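Given the coordinates of chain D, work out where chain A should sit on it, guided by the hints.
2 protein chains.
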Amino acid sequence: MDTRPIGVFDSGFGGLTVLQELVNSLPKEDFIYFGDTLRVPYGNKTVEEIETYSSQISKWLVQHDVKSIVVACNTVSCMALPYLQRQFSIPFFGMVSAGIESVLSFSSAPKQSNKVGIIGTKNTIASRVHEKDLRMAGFEGVLVELACPLFVPIIEEGVTDDGVWRSIVEYHMHDMKKENIDAVLLACTHYPILSEYIQGYLGNQVQLLNPNHFISDALARYLKDYNLQNATGGSVSLNVTGSTLSFNAFCHRFFEFRNDTVSVINIDSLI
Amino acid sequence: MDTRPIGVFDSGFGGLTVLQELVNSLPKEDFIYFGDTLRVPYGNKTVEEIETYSSQISKWLVQHDVKSIVVACNTVSCMALPYLQRQFSIPFFGMVSAGIESVLSFSSAPKQSNKVGIIGTKNTIASRVHEKDLRMAGFEGVLVELACPLFVPIIEEGVTDDGVWRSIVEYHMHDMKKENIDAVLLACTHYPILSEYIQGYLGNQVQLLNPNHFISDALARYLKDYNLQNATGGSVSLNVTGSTLSFNAFCHRFFEFRNDTVSVINIDSLI
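Residue numbers (the working numbering), protein chains in the order written: chain D, 1 to 271; chain A, 1 to 271.
Misleading hints may appear alongside valid ones.
Just the calculated beta-carbon pair ranges, DEER-fashion [as the list claims (entries may be wrong)]:
| hint | chain 1 | residue 1 | chain 2 | residue 2 | range |
| --- | --- | --- | --- | --- | --- |
| 1 | A | Met-136 | D | Lys-122 | 42 to 52 Å |
| 2 | D | Gln-205 | A | Pro-82 | 53 to 63 Å |
| 3 | A | Ser-105 | D | Ser-243 | 28 to 38 Å |
| 4 | D | Ser-243 | A | Arg-253 | 31 to 41 Å |
| 5 | D | Gln-205 | A | Phe-254 | 33 to 43 Å |
| 6 | D | Tyr-83 | A | Glu-48 | 24 to 34 Å |
| 7 | D | Tyr-83 | A | Val-264 | 17 to 27 Å |
| 8 | A | Leu-104 | D | Val-144 | 48 to 58 Å |
For the record, the hints were derived by calculation from the structure and aren't laboratory data. Predicted model, so just to flag it, every value in this text is computed and none were measured. Even glycine gets a Cβ: it sits at the ideal position worked out from N, Cα and C.
Only chain D is shown next, with the shape it has when bound in the complex (with noise of 0.2 Å):
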């Protein structure tokens, strides 16, 4: 028994799938969740700052006494998780280690995949960290590897017009369609909130691979196997560095948990 939080963190908005998986699988545990709204988005940011900006909010995490770290971030996962282990001694999740897991339970399945494509942001993609570890894994089917840079600034601009999102997902998704993919890896913790229009454009012969699940089983067993579960807690604090009010609307437009109070994190706090 560990009544300890575990902290969650996220450049911006995405990492709030992660929790509502999270949340749903250990309603007993409590947590806190941070997004880096200021500074969101990390896309065009490089491997020194994204080093510098995770240490700093993992450092503002252990000061709130969290028992293990979800980086529910594709991109920081992909470029600052192993700096991160290397400083901290407190165990790390990643969302890379979540997408290996669900594609190689998927190609494992008894209907075998050879073709999977991975759909991320352009610093996910061109990291190649997913296709590096699968291959490692000693997956061998085909990998089809696309950036998707335009999903992530008009989900958190809210935008749920059905006429934008069709067009926006057939202009990113017209080259992998013409593959004939068995599945897709959803390697950025956005996308599950489009997996209603990627899989009508897609079409229901693939699946949609979504590593929330798997992150959340592997933060389950880690806890049960050393004893740090949580039987008393239930509760979740949400906090930004930027302004609340576009977080909010998100949080109240996809989640369930709808926090009245979500806390501003002044940057010139975290060192």
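Quick look at chain A alone, frame taken from chain D:
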């Protein structure tokens, strides 16, 4: 006669539409363009950050011996122009006064306009600087102001797909179309790239007001009045703080000046 170059800067690519107009109108001048592509977008930055960044860039331009500076960005013009003008002794030309001039010039034309739309980034529209300055200048018509936050990221991604643009323009401008405006001010230097789609959506009875022409007129008048014209120049130097790849692609797609070398300026060298 003054052979010193003219400085032009923006947070990223948008200012290139202004540079194009300046190069066409003042072909014998030398220009130094600075795009802060590493720290783009400025839209989610605080006033203090925008003052610091634009002051660093202005210092860099002054060190390169420019005779005047064109702030080719509406957001910076709205938020930091008086601050910059206090700091430096050379004259600054900003987008807001050019926008005001273009609205007044239209509304005093034989076919009077009483209803003018203003479109820009969230920061620009929230500042209400155009409205305040137009009222101070005696404009008595109706103003309809609207932020179009998706235009910049989609332009910067280099999207030229008709279907995407038609759906995004309709998404943002649907409410403005219903207002039956007579003219619309493009209060963001990116937007002239979209002129065709905006005109197509609003219809030919709505006049598009592009302030770029007015800023180049103001600069030309100043150079002539103070005898600071150059008769021997004609060069364009392009400088960015981020990757040159997307900048080059953007230049080649939309503009006539196609430098083979775009210089990368290390932001640590900006003080």
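Okay, the hints, checked on the actual structure:
no.: 1; hint: A:Met-136 to D:Lys-122: 42 to 52 Å; in the structure: holds, 43 Å
no.: 2; hint: D:Gln-205 to A:Pro-82: 53 to 63 Å; in the structure: holds, 60 Å
no.: 3; hint: A:Ser-105 to D:Ser-243: 28 to 38 Å; in the structure: holds, 36 Å
no.: 4; hint: D:Ser-243 to A:Arg-253: 31 to 41 Å; in the structure: holds, 33 Å
no.: 5; hint: D:Gln-205 to A:Phe-254: 33 to 43 Å; in the structure: holds, 40 Å
no.: 6; hint: D:Tyr-83 to A:Glu-48: 24 to 34 Å; in the structure: holds, 29 Å
no.: 7; hint: D:Tyr-83 to A:Val-264: 17 to 27 Å; in the structure: holds, 25 Å
no.: 8; hint: A:Leu-104 to D:Val-144: 48 to 58 Å; in the structure: holds, 54 Å
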